[in-house]
Structures are given as C-alpha cells and as structure tokens.
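Participant: Per our numbering, the very first residue in the sequence shown carries number 1; after that it's consecutive.
Quick caveat, the hints were computed from the structure, so don't treat them as lab data. Some hints here could point you the wrong way.
What the hints assert, rightly or not - With a straight-line Cα cutoff of 20 Å, these simulated EDC-like cross-link-like pairs (lysine to aspartate or glutamate) come out:
1. Lys73 x Glu58
2. Lys80 x Glu62
3. Lys80 x Glu58
4. Lys109 x Glu62
5. Lys134 x Glu50
6. Lys80 x Glu101
7. Lys109 x Glu68
8. Lys134 x Glu58
9. Lys119 x Glu138
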Amino acid sequence: MRVLGLDPGLLHTGWGIIDVEGNALRHVANGAVSPPASGSMAARLTAIFEAVQAVMAEHAPEVAAIEETFVNKNPSSTLKLGLARGSAMVAAATTGLAVHEYAARLVKKTVVGTGAADKAQIGMMIGILLPGAKPTSEDAADALAVAICHAHHAATSGPRRTLAAMGARP
C-alpha cells in the first residue's frame, strides 16, 4: 500500500509518501508546499491544491492520511489552518482516494510513544522508522509521521472515518 501523509498549513503544507508491505515501511518521497505569503487566500489555497495533486500524479498513492485541525486560542488561525487542510483534503478526495483523519496527539503517540512529543523527537523517530529518509523540513517529517500513523492504525484497527465512507464523491 502506498500512503500519502499530509500535514496541512497555510504557510507550509508538508507531504510524505511511504510504501507499506506487512510491517515493513519504506520511504518514497517527501517535501513541502510553500505558497507565496503575499498572495491572496484563494491563490494560496489553489497552490496547495495543485501541489498536492501534482504529488499524487507523480507518486500514485493508494490512500491519503491527514492531520486533524487542532483548536487553538486564536480562532482566526484555526480557521486559516482549516482552509489549508480543506484544500489538501479536496485535492486528494477529488482523485477518488480515501482520506483518513488522525489527531495530532495520536500521530505523535504512534510514532514517538507520547502524544506530547516535540518536532525534534518526531524527526529522530522518522530516521529510525524510515532508514535513509531525509525529510526536507519539519513539515515534511510531520507528514511522514501522519503516513506512518495511518500504516499502523490501518493494520491494527480496521477501517477509520474517511470522506468516502461519509458519502463524499470524487
């Protein structure tokens, strides 16, 4: 199974591709989309959408996994993060991929062993779990962590909530 992991953000949206065969994980590629900060909101969201679609066209994932939006103290920031997340989700869903959602704490707990892990711990574990992987940024490392989380939970817990299961159409 080839998994696309997404760590959405309006400034940087990380992506990571892994192959899963049984318990074996293999790094395929990773990167981050960085829309121009001076562009309009619509232009930035379009850049995320198009970049995610280009990654999918190049690497042909079979499933996508995305980090859920966390609610923070600033409602405006939460809303903007949600817009970036929506753009990435729709990019995957319009191609027919199931899009699985995972809470940030679950991703950290799955990869590091604690839901309070920091970026350095995630990066270190990516190096251990995906030998030879060199994430291009913290956002790309986080996206690889989301993909690993999906690989683990898809193998151990069965189906998760997906856009396809909720009746979304490509």
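Participant: All hints are to be evaluated individually against the structure, with a verdict given for each.
Facilitator: A quick look at each hint next to the structure:
no.: 1; hint: Lys73 x Glu58; verdict: violated (38 Å)
no.: 2; hint: Lys80 x Glu62; verdict: violated (28 Å)
no.: 3; hint: Lys80 x Glu58; verdict: violated (28 Å)
no.: 4; hint: Lys109 x Glu62; verdict: violated (24 Å)
no.: 5; hint: Lys134 x Glu50; verdict: violated (24 Å)
no.: 6; hint: Lys80 x Glu101; verdict: holds (18 Å)
no.: 7; hint: Lys109 x Glu68; verdict: holds (14 Å)
no.: 8; hint: Lys134 x Glu58; verdict: holds (19 Å)
no.: 9; hint: Lys119 x Glu138; verdict: holds (7 Å)
In summary, the structure is inconsistent with hints 1, 2, 3, 4 and 5 from the numbered list given earlier, while agreeing with the others.
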